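For the protein sequence lines, the chains are A and B, in the order given.
Be aware that the first sequence starts at 0, since it is given in numbering that gives the first Met the number 0, and climbs by one per residue.
Be aware that the second sequence starts at 0, since it is given in numbering that gives the first Met the number 0, and climbs by one per residue.
Think of the hints as simulated: they come from the structure by calculation, not from any bench.
Note that this is a predicted model, so its numbers are computed, not measured.
Each residue gets a CB set at the ideal place from its N, CA and C atoms; glycine is no exception.
Take these hints with a grain of salt, some might be off.
[Claimed, not checked] Only part of the chain A face toward chain B is listed, based on derived beta-carbon distances under 10 Å:
id, residue
1, 28
2, 30
3, 38
4, 40
5, 106
6, 108
7, 123
8, 157
[Stated by the list, open to error] Here are the simulated DSBU-like pairs of lysine-lysine, each with C-alpha atoms no more than 30 Å apart in a straight line:
id, chain 1, residue 1, chain 2, residue 2
9, A, 5, B, 45
10, A, 343, A, 278
11, B, 101, B, 153
12, A, 100, B, 156
13, B, 164, A, 100
14, A, 5, B, 121
15, A, 5, B, 94
16, A, 100, B, 41
17, B, 41, A, 60
18, B, 142, B, 164
19, B, 121, B, 41
20, A, 103, B, 65
21, A, 272, B, 42
22, B, 42, B, 159
23, B, 94, A, 115
24, A, 402, A, 305
25, A, 5, B, 142
26, A, 100, B, 142
27, B, 142, B, 121
28, A, 13, B, 94
29, A, 103, B, 121
30, A, 115, B, 121
31, B, 121, A, 100
32, A, 167, A, 82
33, A, 13, B, 121
34, B, 65, B, 156
35, B, 142, A, 103
36, A, 5, A, 161
37, A, 103, A, 16
38, A, 275, A, 328
39, B, 142, A, 115
40, A, 103, B, 45
Below, each chain spelled out in residue letters.
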Amino acid sequence: MLFIHKESGLLLAKVQKEQEALQDADMLASMMTAIRSFVNDWVEANNTNSELGEIEYGGNKIIIEASGYSYLAVIVEGAAYAKTYTKIRNTLENIILEYGKEIKEFTGDFQIFPNKALEEELNLLINNNNKIQKKKKIHPLIFIFPLLFLVWLSYLFYQDYKDETLAKQIQILLQETPSLTSFRIDVDVDDAVATLKGSVPFEYYKNKTQKLLKSIQGVKDIHNDIIIIATLTDPMQVSSNIAYLIRGVNLNNNTNLTYSFDYNTLTLKGNFKDYKIKKRVLQEISRIQGVQTLQDETKMLIPPFKDVNIYFDTASSALDSSTQAELLKASQAIQGLDNNTTIKLSAYSDMIGNINLNRKLAKKRVQNIENFLRKQGALSNTVISQIFETPPPGIDAQKEPNKARKITLTLQNKSN
Amino acid sequence: MLSYKIVLVGNFGAGKTSLIRRFVENSFSQEYLSTIGVSISKKTIKNARVMIWDIEGHTEFKPIFKQYLLGAKGFIVVADLLRQESIIDIHNHIKLCNEVIKGAPLCIALNKSDMPHTLEDKELQIIKNSSELIIEVLKTSAKNGDAVEELFLKLDKKIKDNMSK
Numbered sequence: 000m001l002f003i004h005k006e007s008g009l010l011l012a013k014v015q016k017e018q019e020a021l022q023d024a025d026m027l028a029s030m031m032t033a034i035r036s037f038v039n040d041w042v043e044a045n046n047t048n049s050e051l052g053e054i055e056y057g058g059n060k061i062i063i064e065a066s067g068y069s070y071l072a073v074i075v076e077g078a079a080y081a082k083t084y085t086k087i088r089n090t091l092e093n094i095i096l097e098y099g100k101e102i103k104e105f106t107g108d109f110q111i112f113p114n115k116a117l118e119e120e121l122n123l124l125i126n127n128n129n130k131i132q133k134k135k136k137i138h139p140l141i142f143i144f145p146l147l148f149l150v151w152l153s154y155l156f157y158q159d160y161k162d163e164t165l166a167k168q169i170q171i172l173l174q175e176t177p178s179l180t181s182f183r184i185d186v187d188v189d190d191a192v193a194t195l196k197g198s199v200p201f202e203y204y205k206n207k208t209q210k211l212l213k214s215i216q217g218v219k220d221i222h223n224d225i226i227i228i229a230t231l232t233d234p235m236q237v238s239s240n241i242a243y244l245i246r247g248v249n250l251n252n253n254t255n256l257t258y259s260f261d262y263n264t265l266t267l268k269g270n271f272k273d274y275k276i277k278k279r280v281l282q283e284i285s286r287i288q289g290v291q292t293l294q295d296e297t298k299m300l301i302p303p304f305k306d307v308n309i310y311f312d313t314a315s316s317a318l319d320s321s322t323q324a325e326l327l328k329a330s331q332a333i334q335g336l337d338n339n340t341t342i343k344l345s346a347y348s349d350m351i352g353n354i355n356l357n358r359k360l361a362k363k364r365v366q367n368i369e370n371f372l373r374k375q376g377a378l379s380n381t382v383i384s385q386i387f388e389t390p391p392p393g394i395d396a397q398k399e400p401n402k403a404r405k406i407t408l409t410l411q412n413k414s415n
Numbered sequence: 000m001l002s003y004k005i006v007l008v009g010n011f012g013a014g015k016t017s018l019i020r021r022f023v024e025n026s027f028s029q030e031y032l033s034t035i036g037v038s039i040s041k042k043t044i045k046n047a048r049v050m051i052w053d054i055e056g057h058t059e060f061k062p063i064f065k066q067y068l069l070g071a072k073g074f075i076v077v078a079d080l081l082r083q084e085s086i087i088d089i090h091n092h093i094k095l096c097n098e099v100i101k102g103a104p105l106c107i108a109l110n111k112s113d114m115p116h117t118l119e120d121k122e123l124q125i126i127k128n129s130s131e132l133i134i135e136v137l138k139t140s141a142k143n144g145d146a147v148e149e150l151f152l153k154l155d156k157k158i159k160d161n162m163s164k
């Protein structure tokens with residue numbers, strides 16, 4: 000930056016970057032003044048009221064800003080910004096305002112001319128301009144950060160999309176799994192890790208959900224935060240629990256139970272063929288939280304029971320193997336009946352020998368049968384016996400004594 | 000440190016450029032002389048930085064460009080002592096310089112003194128007396144260097160005297 004005396008072309012002050020020091024700035028200042036004078040004179044001769052403001056050479060330029068008795072020539076490498084021109088103008092104005100008198104009275108004696116102060120003023124411009132340049136100069140690396148940010152953002156969006164897709168997939172699977180449909184299980188997938196939240200009444204459902212998720216491809220890990228709440232009071236949940244229980248009972252026992260639930264009282268309808276199943280079902284229902292009252296309108300459908308005839312050898316109360324097999328079958332049938340069913344054993348006689356002995360023998364035979372039934376089938380039914388001193392009806396003891404030594408097992412229902 | 004500008008004026012072919020070349024080892028861009036009509040040299044004389052403007056010589060068709068005289072502290076009017084019209088024109092040059100810079104000191108260089116000539120020393124005095132502004136009239140030779148340094152030093156001394164007033 001050369002601050003030049005307009006008329007003489009003498010260099011009043013100069014400021015330059017250390018690495019770009021000017022060779023013979025004095026001569027350059029003079030030469031520039033000559034050129035400036037030459038051009039200005041030509042411009043003036045052509046009646047144009049303007050001055051030489053800029054000289055361009057090989058991609059660089061010399062910006063010339065004149066004022067009063069001096070002018071400022073700024074050699075700029077490359078392009079100059081509008082701000083640069085403004086700064087040059089402002090600096091020159093400041094210099095003129097402050098040192099106008101000294102410049103006007105410049106004699107050539109630098110001992111009295113404030114060139115150092117001028118140079119300080121110019122330094123402000125060169126530093127300031129550097130700042131402008133620096134601001135404008137954008138390092139290519141600066142583009143990398145937004146680019147990386149975009150890539151990262153895209154990755155996040157993609158991950159989000161993947162997680163969302165996975166979450167939907169899981170939700171559909173949960174909805175399509177009948178035993179889990181009724182539970183409100185929330186799924187959150189983050190970075191392919193699924194977190195399950197919600198509440199189920201039993202551990203079984205929690206584990207089932209976990210197993211189900213393992214079958215989905217893409218799930219890296221499962222955080223099973225499902226909690227087990229035994230005291231479910233949500234009417235929908237209670238209703239669902241009943242529904243599952245009844246459906247399970249029907250499937251497993253070939254029953255056709257139906258129910259209605261008014262969120263307080265459960266009315267159970269249908270037929271049971273097995274008393275034990277009924278008992279178990281009623282027990283299970285009593286465990287369902289939220290069912291206040293159970294109204295049992297079910298019926299017991301007792302399967303047709305064929306009377307069992309047991310024959311004995313003469314003077315014997317032993318149960319042979321075929322008898323035992325038949326009794327076992329009967330005991331199993333009896334087990335499905337309720338406690339109101341009474342087992343009736345009717346003992347008949349071949350009428351051979353002493354009546355008292357025959358009675359004793361009949362009692363023993365009845366006792367043996369009852370013992371076997373209780374032992375094998377753990378029966379709790381009441382057993383009643385009737386001992387006849389005669390052969391069964393329609394049997395001639397003398398002709399068919401082996402058919403006369405018989406005990407018949409029949410069932411009697413108190414409610415019937 | 001002092002700094003000032005001097006301008007050499009004179010007719011075309013008087014030897015201004017040769018004089019400067021003799022005085023200054025390195026001169027700046029001689030080729031500009033014919034382009035924009037000026038060539039600039041620098042010489043440090045004692046503690047002064049002197050910018051020496053060599054302007055294109057006056058011809059019949061091309062007058063001296065006044066703008067180049069602006070801001071000068073002194074002038075050297077160069078004439079070819081072998082050419083009468085060159086010597087006659089000295090007054091015109093002095094007049095022009097005084098018009099541009101009133102009262103600026105001048106030295107007159109009657110150049111090519113190495114060549115056989117008839118100019119007598121008393122004529123030098125006549126020239127000197129023709130203007131108060133003339134501080135010295137010297138016969139110089141750019142070729143052998145006669146009085147070249149003296150020419151510039153005399154002007155330098157006067158300028159410095161003026162500046163210190």
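Hints and how they fare:
no.: 1; hint: 28; verdict: holds (8 Å)
no.: 2; hint: 30; verdict: holds (5 Å)
no.: 3; hint: 38; verdict: holds (9 Å)
no.: 4; hint: 40; verdict: holds (5 Å)
no.: 5; hint: 106; verdict: holds (5 Å)
no.: 6; hint: 108; verdict: holds (6 Å)
no.: 7; hint: 123; verdict: violated (24 Å)
no.: 8; hint: 157; verdict: violated (67 Å)
no.: 9; hint: A:5 to B:45; verdict: holds (25 Å)
no.: 10; hint: A:343 to A:278; verdict: holds (24 Å)
no.: 11; hint: B:101 to B:153; verdict: holds (19 Å)
no.: 12; hint: A:100 to B:156; verdict: holds (27 Å)
no.: 13; hint: B:164 to A:100; verdict: holds (19 Å)
no.: 14; hint: A:5 to B:121; verdict: violated (41 Å)
no.: 15; hint: A:5 to B:94; verdict: holds (23 Å)
no.: 16; hint: A:100 to B:41; verdict: holds (27 Å)
no.: 17; hint: B:41 to A:60; verdict: holds (24 Å)
no.: 18; hint: B:142 to B:164; verdict: violated (36 Å)
no.: 19; hint: B:121 to B:41; verdict: violated (33 Å)
no.: 20; hint: A:103 to B:65; verdict: holds (20 Å)
no.: 21; hint: A:272 to B:42; verdict: violated (134 Å)
no.: 22; hint: B:42 to B:159; verdict: holds (15 Å)
no.: 23; hint: B:94 to A:115; verdict: violated (38 Å)
no.: 24; hint: A:402 to A:305; verdict: holds (18 Å)
no.: 25; hint: A:5 to B:142; verdict: violated (35 Å)
no.: 26; hint: A:100 to B:142; verdict: violated (45 Å)
no.: 27; hint: B:142 to B:121; verdict: holds (24 Å)
no.: 28; hint: A:13 to B:94; verdict: violated (35 Å)
no.: 29; hint: A:103 to B:121; verdict: violated (42 Å)
no.: 30; hint: A:115 to B:121; verdict: violated (50 Å)
no.: 31; hint: B:121 to A:100; verdict: violated (46 Å)
no.: 32; hint: A:167 to A:82; verdict: violated (57 Å)
no.: 33; hint: A:13 to B:121; verdict: violated (48 Å)
no.: 34; hint: B:65 to B:156; verdict: holds (25 Å)
no.: 35; hint: B:142 to A:103; verdict: violated (40 Å)
no.: 36; hint: A:5 to A:161; verdict: violated (74 Å)
no.: 37; hint: A:103 to A:16; verdict: holds (28 Å)
no.: 38; hint: A:275 to A:328; verdict: holds (17 Å)
no.: 39; hint: B:142 to A:115; verdict: violated (42 Å)
no.: 40; hint: A:103 to B:45; verdict: holds (26 Å)
Violation of the numbered hints given earlier is confined to hints 7, 8, 14, 18, 19, 21, 23, 25, 26, 28, 29, 30, 31, 32, 33, 35, 36 and 39; the remaining hints are satisfied by the structure.
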